[in-house]
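Chemist: So you can see what is in the structure, the chains are spelled out below.
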Amino acid sequence: MIQAQQLNKHFKIYETKKGFIGSFASLLSTKHHVVKAVDDISFSVEEGEFVGYIGPNGAGKSTTIKMLSGILHLTSGEIKVGGLSPQKKRKEVAKKIGIVFGQRTQLWWDLPLRDSFDILKEMYKVPDEKYRQFLKLYDDMLQIGKFMDTPVRKLSLGQRMRGDLAAAMIHNPDILFLDEPTIGLDVNAKTSIRAFLKELNQNEKKTILLTTHDMDDIELLCSRVIVINHGQIVLDGTLEDLRKNIGLPSVMEIQYRVKPTTTDIRLEGIERMTWEDEKLVIDYDRSLLSSPLLLQKVTQWGEPVDIQMKEPDIEQVIQKIY
Amino acid sequence: MVYWILLQKSFMRNMQYKVAHLINNAASAIFGFVFIAIWVGVLQGKENESPYSALDMTYYIAAVQCILWLSGFLTAGLNIQNGVRNGAISLELARPTNYFLYVTSQEVGRLLYNLFFRSLPIGLVFSLTVGFYIPQHLPTYFFLCISILFAMIISINLHFLVGISACWTTEIDWAHFVNFTLLVGLGGQLVPIDLLPAPLSSITPYLPFAGAIYYPVMIFLEKISSEVILIQLIWVVVLTSFNLWLTEKARHKLEIQGG
Amino acid sequence: MNLYLKLLSGSLRSRMQYKMNFLVSSLSYGLIMAVDFVLLAAILQRFDDVKGWNLYEVGLLYGISSVAITLYRVFCVEVHNFERYMVEGEFDSLLIRPVSPLSLLLTKNLDLSRIGGTIQGIIILVISIIGLKLNNIELFLLLIYLPVTIVSGVLICFSLGLITATIAFWTQRIKDFQTFTLYAPFNAANYPMNIYPGWLKIIFFTVIPVGFMNYTPILFLLNKGGDLWNLALPPLVSIIFLFVALRFWKFGIRHYHSTGS
Chain C
1 MIQAQQLNKH FKIYETKKGF IGSFASLLST KHHVVKAVDD ISFSVEEGEF VGYIGPNGAG
61 KSTTIKMLSG ILHLTSGEIK VGGLSPQKKR KEVAKKIGIV FGQRTQLWWD LPLRDSFDIL
121 KEMYKVPDEK YRQFLKLYDD MLQIGKFMDT PVRKLSLGQR MRGDLAAAMI HNPDILFLDE
181 PTIGLDVNAK TSIRAFLKEL NQNEKKTILL TTHDMDDIEL LCSRVIVINH GQIVLDGTLE
241 DLRKNIGLPS VMEIQYRVKP TTTDIRLEGI ERMTWEDEKL VIDYDRSLLS SPLLLQKVTQ
301 WGEPVDIQMK EPDIEQVIQK IY
Chain U
1 MVYWILLQKS FMRNMQYKVA HLINNAASAI FGFVFIAIWV GVLQGKENES PYSALDMTYY
61 IAAVQCILWL SGFLTAGLNI QNGVRNGAIS LELARPTNYF LYVTSQEVGR LLYNLFFRSL
121 PIGLVFSLTV GFYIPQHLPT YFFLCISILF AMIISINLHF LVGISACWTT EIDWAHFVNF
181 TLLVGLGGQL VPIDLLPAPL SSITPYLPFA GAIYYPVMIF LEKISSEVIL IQLIWVVVLT
241 SFNLWLTEKA RHKLEIQGG
Chain P
1 MNLYLKLLSG SLRSRMQYKM NFLVSSLSYG LIMAVDFVLL AAILQRFDDV KGWNLYEVGL
61 LYGISSVAIT LYRVFCVEVH NFERYMVEGE FDSLLIRPVS PLSLLLTKNL DLSRIGGTIQ
121 GIIILVISII GLKLNNIELF LLLIYLPVTI VSGVLICFSL GLITATIAFW TQRIKDFQTF
181 TLYAPFNAAN YPMNIYPGWL KIIFFTVIPV GFMNYTPILF LLNKGGDLWN LALPPLVSII
241 FLFVALRFWK FGIRHYHSTG S
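Chains as they are written, first to last, in UniProt numbering: chain C, 1 to 322; chain U, 1 to 259; chain P, 1 to 261.
Just chain C, with the same shape it has in the complex:
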């Protein structure tokens, strides 16, 4: 469904001067350096795959998504989405793909959700019959019926994201690009959106490319993971391959009443221990060291006031792949 061959995207960064005339002056100036936002990336995605596209901020994720959807042109390389080049046939490709940017909504801010759908129906020329089926199906899957007549600005973040997801599916595209669809959502909202995406992938056979900062998204949804850093692919494989590289990274934070003296017990699976006053932060690998066992150990060291389990930072996870 998606073929990307030797993608390159270089940006010329001109030395910008401040202010208004400055922005013109830097137009004319030739002083610049080249940033390789995407550096010789190749991959292909087959029909029905659910691919997690992850990497630290500024690694080139968004640039890739923008190239796949035709927003950005390439410095060199070739892309085919559904057999067409998004650069040459942007509008045709737009009909084959659905895009969700988690950071910003594509719905009409002041209008009820229903009106946004009506407008998109016309924009993508969806037949009435198909449109009715769509509304029925997506009300079943996302329960959007309850807030169909509420202006978008009054929706909660979770409701808005469900609305955005449905809006991206209105023309029944085979391919979905999701740029951080779970960002900023609470646990409940994340769960319902994950369930929806899973259903979309398994029952409707949609091909999905997802970027995220949430390791849970990857573990629960993706059959395949592509990791990108500094514009290059550092890993392309199954979830198992990722596991082999990074294990099951977890973080535990323990607040002690008094800082314990004996903690130098060497446990297999602990990767890092850092102290911040009476607080101990442990990075460990859940595949090697079970959480209950670690919990047992830390209570032996001293008297904990508070214990928290945290999601690991994706930046740290990526570091381990080297």
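Among the hints, erroneous ones may be present.
[Said to hold, decoys possible] To list a few chain P residues with every Cβ distance to chain C over 12 Å, as calculated:
1) LEU27
2) ASP36
3) ILE123
4) ASN194
5) ILE202
6) ILE203
7) LEU231
[Unchecked claim] Cross-link-like lysine-lysine pairs, in silico, DSSO-like; alpha carbons within 30 Å at most:
8) LYS108(P) with LYS130(C)
9) LYS51(P) with LYS46(U)
10) LYS95(C) with LYS6(P)
11) LYS6(P) with LYS130(C)
12) LYS136(C) with LYS125(C)
13) LYS136(C) with LYS108(P)
14) LYS223(U) with LYS51(P)
15) LYS146(C) with LYS190(C)
16) LYS154(C) with LYS253(U)
[Unchecked claim] Sample of chain P residues with no beta-carbon within 12 Å of chain U, all distances over it, derived:
17) VAL99
18) ARG254
19) GLY260
Rather than coming from a laboratory, the hints here were simulated on the basis of the structure. Values in this document were obtained by computation on a predicted structure and should not be read as measured data. We put the CB at the ideal spot given by N, CA and C, even for glycine.
Please arrange chains U and P on chain C, whose structure you already have, making use of the hints.
Modeler: Frame of chain C, contents of chains U and P only:
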């Protein structure tokens, strides 16, 4: 002195955009050229029927375009309405500072910036193209400073009035437009108010709008007795007291209703 | 077309949620322009004419110019406020649709509160046409031609707005430009071009061709000079200018495709 610091910060904040503003000044000068062209066209061959010659009107419009940046183009509602909308006003009213001075000192900072980066450059453009009047008598400079100061205070008060009204109406766009229209229309931006048709020309000299634009310009051109500063002074006192009273009313209202 | 109607009704409904505010802001936009014209009337009542143009003749120019710019403000609000798409990075979401970004911008929103200015411009036109006391043939010609000059004016205004919006692809912010490219020229076009010094006239008949919209044809229609060419020029100039603006816009989009925000 916290108000002095607020004033400085506001001045510096505007400095960031000075290049953009200088380009905008060119547009402001073009507005001036258009108004001057209208007057020169109107007065052609009719100068003896008019109390003003074409040159007088050129000087008049040029001076108006400069002073507009000090007492005409102020921030809508002095941004008080934003504080009302997001609730920050309750906090600001509760601070141990005088709210009226807190708001107005920031605007004064902006106006001082306007003096250096808008009024003076625009005046320079006019003096290089169509000419700019230079007062002949020394006392004029003294009276001019006082008159401009009063003009700024009057205009800041009018804008404060519009802004604080948000406590009762929440939406102030229309009030700002009405205020601005009266300010430029009855303040003498295009037509010196003594040239307005009969009923208007006898009322407008006593309205605050004349004190914001017309009087300082006429004092600058040495075409009016400096006693008009007294009219400005009355409005300064009346408007400031009224606004201070209104601020207390607003505080009272917010304390009862909780914003 | 269907899509446009959907958007139109949507925009109307979202506006109507703030009914009172909508009404008052429409009125106040109209009021500002009205006061401006009343002041001009006050001058001309006292001094009769400005370089041979009386109040009603100037009113004709004034009405055309204000109807043109306010129609642009009503229908092209997103082009006018294009700065937002660059500053907040929202332009991407226009490029993922199977429709051109410009059509999306033009159909996305309407600023109906500006219609107050349009109505006020039409009122000035009506008063001026009555006041001119034209004979039947002149009146007939003027009424026939009025839509042409207004459409030409809207096209010129739109082209200027689009060119200014395109600049945002490089500079992000354009608000300070708009005073220069839109507000000042359209204010100038409220009055006859013959009052301006030569260099201003050159600008208004070349790079910012607002002079063609009303001055050129009205000159001929009021028997003040010129020939039939004066009637052909407005549509001709506006279409050529629109073409230039669209090319520049396309150039800007290509720049965006290669650099992003």
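Chemist: Please go over all the hints and tell whether each is borne out by the structure.
Modeler: Okay, the hints, checked on the actual structure:
1. LEU27: The assertion about LEU27(P) holds, with a minimum of 22 Å to chain C.
2. ASP36: Non-interface label on ASP36(P) holds, nearest chain C Cβ at 29 Å vs cutoff 12 Å.
3. ILE123: Holds, since 30 Å exceeds 12 Å.
4. ASN194: Per Cβ check, ASN194(P) is outside 12 Å of chain C; nearest 34 Å; holds.
5. ILE202: holds (23 Å)
6. ILE203: Holds: least Cβ distance 20 Å, greater than 12 Å.
7. LEU231: holds (39 Å)
8. LYS108(P) with LYS130(C): The given pair, whose Cα atoms are some 24 Å apart, holds under the 30 Å limit.
9. LYS51(P) with LYS46(U): holds (11 Å)
10. LYS95(C) with LYS6(P): holds (20 Å)
11. LYS6(P) with LYS130(C): holds (19 Å)
12. LYS136(C) with LYS125(C): holds (18 Å)
13. LYS136(C) with LYS108(P): holds (27 Å)
14. LYS223(U) with LYS51(P): Roughly 27 Å separates the two Cα atoms, so the pair holds.
15. LYS146(C) with LYS190(C): Cα-Cα ~18 Å, so holds.
16. LYS154(C) with LYS253(U): With a Cα-Cα distance of about 27 Å, the restraint between LYS154(C) and LYS253(U) holds, given a limit of 30 Å.
17. VAL99: Given a closest Cβ separation of 32 Å, the condition holds.
18. ARG254: At about 26 Å from chain U, ARG254(P) clears the 12 Å cut-off, so the statement holds.
19. GLY260: holds (23 Å)
Checked against the numbered hints above, the structure breaks none of them.
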